[in-house]
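Each protein sequence line maps, in turn, to chains A and B. Here the first sequence stands for residues 1 to 299, numbered as in the numbering used here. Here the second sequence stands for residues 1 to 280, numbered as in the numbering used here.
Derived from the structure by calculation, the hints contain no laboratory data. Predicted, not measured: the structure shown is a model, and the values here were computed from it. Misleading hints may appear alongside valid ones.
As the list claims (entries may be wrong) - Sample of chain B residues with no beta-carbon within 12 Å of chain A, all distances over it, derived:
{"id": "1", "residue": "43"}
{"id": "2", "residue": "44"}
{"id": "3", "residue": "56"}
{"id": "4", "residue": "59"}
{"id": "5", "residue": "66"}
{"id": "6", "residue": "202"}
{"id": "7", "residue": "208"}
{"id": "8", "residue": "213"}
{"id": "9", "residue": "233"}
{"id": "10", "residue": "257"}
{"id": "11", "residue": "262"}
{"id": "12", "residue": "266"}
Unchecked claim - Stretches of chain A that chain B covers, calculated by requiring three or more beta carbons in the stretch to come under 8 Å of a beta carbon on chain B:
{"id": "13", "segment": "158-166"}
{"id": "14", "segment": "214-226"}
Said to hold, decoys possible - Here are some chain B residues pointing at chain A (derived, C-beta under 8 Å):
{"id": "15", "residue": "86"}
{"id": "16", "residue": "88"}
{"id": "17", "residue": "108"}
{"id": "18", "residue": "110"}
{"id": "19", "residue": "118"}
{"id": "20", "residue": "119"}
{"id": "21", "residue": "123"}
{"id": "22", "residue": "124"}
{"id": "23", "residue": "136"}
{"id": "24", "residue": "142"}
{"id": "25", "residue": "145"}
{"id": "26", "residue": "146"}
{"id": "27", "residue": "147"}
Glycine included, each C-beta is placed from N, C-alpha and C at the ideal position.
Below, each chain spelled out in residue letters.
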Amino acid sequence: MLDSLIEPLHYGFMQRSLIIAIVVGLICAVVGSYLMVQRLALLGDAISHSVLPGLAIAFMLGANIFLGAFIAGVTSTMVITWIRTRSPIKEDAAMGIVFSAFFALGITLITLIQKDNKIDLNHFLFGNILGVTVEEVVETAVIGAIVLLAVVLLYKELLFYTFDPLGAQAAGLPVNLLNFGLMVLIALTIVASMKSVGVVLVLSLLITPGATAYLLVKRLYQVMILGAVIGVVSSVSGMYLSYFYNLPSGPAIVLVVSGLFLLALLFSPSQGILTNPSPRSNTSFLLKELRGLLGLHSR
Amino acid sequence: MKMTASSSMFNLGATPENHYLISRAKQFERLPSLADQGSIMVSHLRVKYRSLEALRGISFVVEPGRMVGILGPNGAGKSTLIKAMLGLIPVTSGSVLYRGQPLVDQLERVAYVPQRSQIDWTYPATVWDVVLMGRVRKSGWFRPFSTPSRHIAAAALERVGMGEFRNRPIGQLSGGQQQRVFLARALAQEADILCFDEPFVGVDQKTQTVMFDVFHELAQAGKTVLVVNHDLGQSITHFDDLILLNTELIASGTRQQVLTPENLSCAYEGQVMFFNGEAA
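Based on the provided sequences and hints, a complete structural model is requested.
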C-alpha cells in the first residue's frame with residue numbers, strides 16, 4: 001500500500017504535483033477562511049471565474065499568464081465594488097453580472113487562441129495537476145510564501161476587520177486598505193490554484209476545508225490550521241486519484257474534500273447532525289430528518 | 001466660511017461681512033479653552049443618503065468628563081449621528097472637531113461599540129479574541145499582542161465580570177454577556193471618547209448595572225461617554241447631558257434643560273403624552 005503511494009514519486013512530474021498539491025491545499029484553506037467568515041463565498045467564485053480573460057490576454061501578448069490572471073481577478077473585484085457603490089444594484093447581483101461577463105469573455109478569447117496554439121481550455125477550467133512545469137512550481141511556491149506571510153503578519157488586524165468592520169474602522173484601522181489587501185490575497189491564491197483544481201472548482205478548496213474545520217474548532221486560527229490540514233490531505237489524495245485512475249485532478253480533489261465535509265457535518269462531536277440530535281425533540285432523529293427533507297414539519 | 005480657533009479671527013477689519021464673522025467668533029470665544037480640555041465640537045453636520053436627508057444642520061458641543069445620552073424616536077438619526085461623527089459613513093457637509101482638529105484624524109482616541117445586531121455572533125472567535133481586538137491599534141502593525149496589552153485586556157474582562165468566560169465562543173453567551181465583552185473591548189482600547197450604539201437592547205439587569213457603573217467611572221476619569229439610547233425609562237437619570245434628535249437637533253444640554261415637555265413633544269411629535277417630571 002505505502003509502496004504504491006511512494007513509487008509514483010520517483011517521477012519528476014509527480015514530485016512537482018505533490019509540491020503544488022501541498023501549497024494549494026494550504027493557502028486555499030487559510031485564505032478561504034476569511035471568505036467563509038465574511039459570508040463572501042460567492043466572491044471567491046466571482047474572482048476565480050474572472051481570471052480567465054486576463055490569462056488569455058497575457059498569453060496573446062506573450063506575458064506571464066499568472067500575472068494576467070491576477071490583474072483580471074483584482075479588476076473584477078473593483079468593478080463589482082464600483083457597480084455596488086455607484087448604482088442601486090446589490091452586491092450579489094453585481095457579482096453575478098461581473099463574473100459571468102468576465103468568464104464569457106475569457107472562454108471566447110481562449111477558444112480563439114486554441115485554434116493556433118497548444119493551450120487547452122479544459123486545463124484552466126478543471127485543473128491539470130500532473131502537467132505542471134518547474135517554473136509553475138516555483139511561481140506557486142513564491143505566491144504561497146507571500147500569502148502565508150501576509151496572513152501571519154496581518155492576523156490580528158484582519159481578525160478585527162472581518163469580525164467587526166465598523167469597530168475596526170472606528171478604531172482607526174485602514175479598513176479599505178485591509179479589504180483591498182484581502183482581495184489581492186484571494187486573487188493570488190486563486191491564480192496559484194488554477195493548475196491543480198481549475199477556476200470552476202477552486203471555490204471548493206477555498207470554502208470547504210474552512211467550513212469543515214469550523215464544525216470542529218472554535219477560533220479563527222484553529223479553523224485555518226485544521227482547514228489547511230484538510231485542504232492538503234484532500235489535494236494530495238486527489239492528485240493520487242488523478243494519477244491512478246486518470247481522472248481530471250480538480251474534480252478528484254473536490255470530491256475528496258466534499259466527502260470530508262460530509263463526515264464532519266454528520267459526526268462532529270459538538271455540532272454533528274448524527275452526534276447531536278436536537279435535545280428538545282423526542283421524535284426519533286432519522287424520522288425527523290426525513291420529514292425535514294420532505295418538507296413536513298414535525299410539531 | 002469655516003470657523004477656526006486661530007487668533008487672527010479676532011483681528012479682522014470692520015467691513016459688514018467681517019462684522020458678522022467677528023460676532024460669530026465671539027460666540028466661540030471660549031472655544032480655545034474648550035479645545036484644550038478635549039471638547040467635541042459638532043457644527044452644521046448634515047448627512048444625506050441619495051435623496052433622503054438623515055441629519056440636518058446638527059451643531060452641539062460635548063464637554064469631557066460627561067456621560068451623554070443621544071435620544072430620539074426610531075429613525076431620528078441617532079446611530080447615523082455617531083457614525084457620521086466617527087467618519088464611518090460619508091458626511092455631506094459640516095465638521096466634527098476634537099481638541100481643535102478633525103475627530104476622524106484622531107480615531108486612535110475613540111472606542112466604538114456597534115449595535116449587537118450588526119455583529120455575526122457565529123464568527124469563530126472566543127471572548128478573549130474579541131477583548132484583545134481592543135489592543136490591535138496600540139500593539140502596532142506586523143506583531144503579536146504585547147504582554148502589557150494582554151494584561152490590560154485581562155483587567156478589562158475582569159472589570160465587567162466576564163473573566164471566567166475567557167475561552168467561551170462568543171456565540172455561546174447571553175445577550176448581556178456579549179454586550180459586556182464589547183464593553184471590555186472598549187475599555188481595553190484606553191480611549192478618551194467611548195461611543196455605544198443601543199447598548200441596553202436585550203441585556204439583563206446585571207449587565208445594565210455593570211455598564212452604568214463603568215460609564216460613571218469613565219466620565220469621572222475625564223473621558224467622554226456617548227450612548228445612543230431610545231429608552232426614555234428610569235435609566236435616563238444616569239446621564240449628565242442629553243442630545244435630543246429628530247433628523248434636526250431638538251435640544252442639547254444638561255438633562256434638566258433637555259427633558260422639557262415642549263422638547264419631548266417636539267422630538268416625538270406628540271407621541272409621548274406623559275412626562276415624568278422626577279426623571280429630570
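### Message
At 12 Å, judged by beta carbons, does residue 262(B) keep clear of chain A as stated?
### Response
Given a closest Cβ separation of 34 Å, the condition holds.
### Task
Test the statement that residue 213(B) is away from the interface with chain A: the closest C-beta pair must be farther apart than 12 Å.
The claim stands: residue 213(B) keeps its Cβ more than 12 Å from every Cβ of chain A (closest is about 22 Å).
### Task
Determine whether the non-interface label on residue 44(B) survives the test: each CB of chain A must be over 12 Å from its CB.
22 Å, holds
### Message
Would the hint on residue 86(B) be counted as holding, given a Cβ-Cβ threshold of 8 Å to chain A?
### Response
5 Å, holds
### Message
Hint validation: residue 108(B) versus chain A, beta carbon distance must be below 8 Å. Holds or violated?
### Response
5 Å, holds
### Task
Under 8 Å, Cβ to Cβ, is where residue 119(B) needs to be relative to chain A, so tell me if that hint holds or is violated.
6 Å, holds
### Separation of residue 257(B) from chain A, once the least beta-carbon distance is taken, above 12 Å
29 Å, holds
### Query
Since residue 59(B) was said not to touch the interface, does its Cβ keep a gap of more than 12 Å from each Cβ of chain A?
Per Cβ check, residue 59(B) is outside 12 Å of chain A; nearest 22 Å; holds.
### Query
With d taken as the least Cβ-Cβ distance between residue 266(B) and chain A, does d exceed 12 Å?
Answer for residue 266(B): holds, closest chain A Cβ roughly 30 Å.
### 12 Å Cβ clearance of residue 43(B) from chain A
21 Å, holds
### Coverage assertion for the segment 214-226 of chain A with respect to chain B, Cβ distance below 8 Å, three residues required
As far as the segment 214-226 of chain A goes, the hint holds, because 7 residues have Cβ atoms under 8 Å from chain B.
### Query
Taking 12 Å as the cut and beta carbons as the points, is residue 66(B) off the interface with chain A?
20 Å, holds
When the structure is compared with the earlier hints, violations turn up for hints 26 and 27 and for no others.
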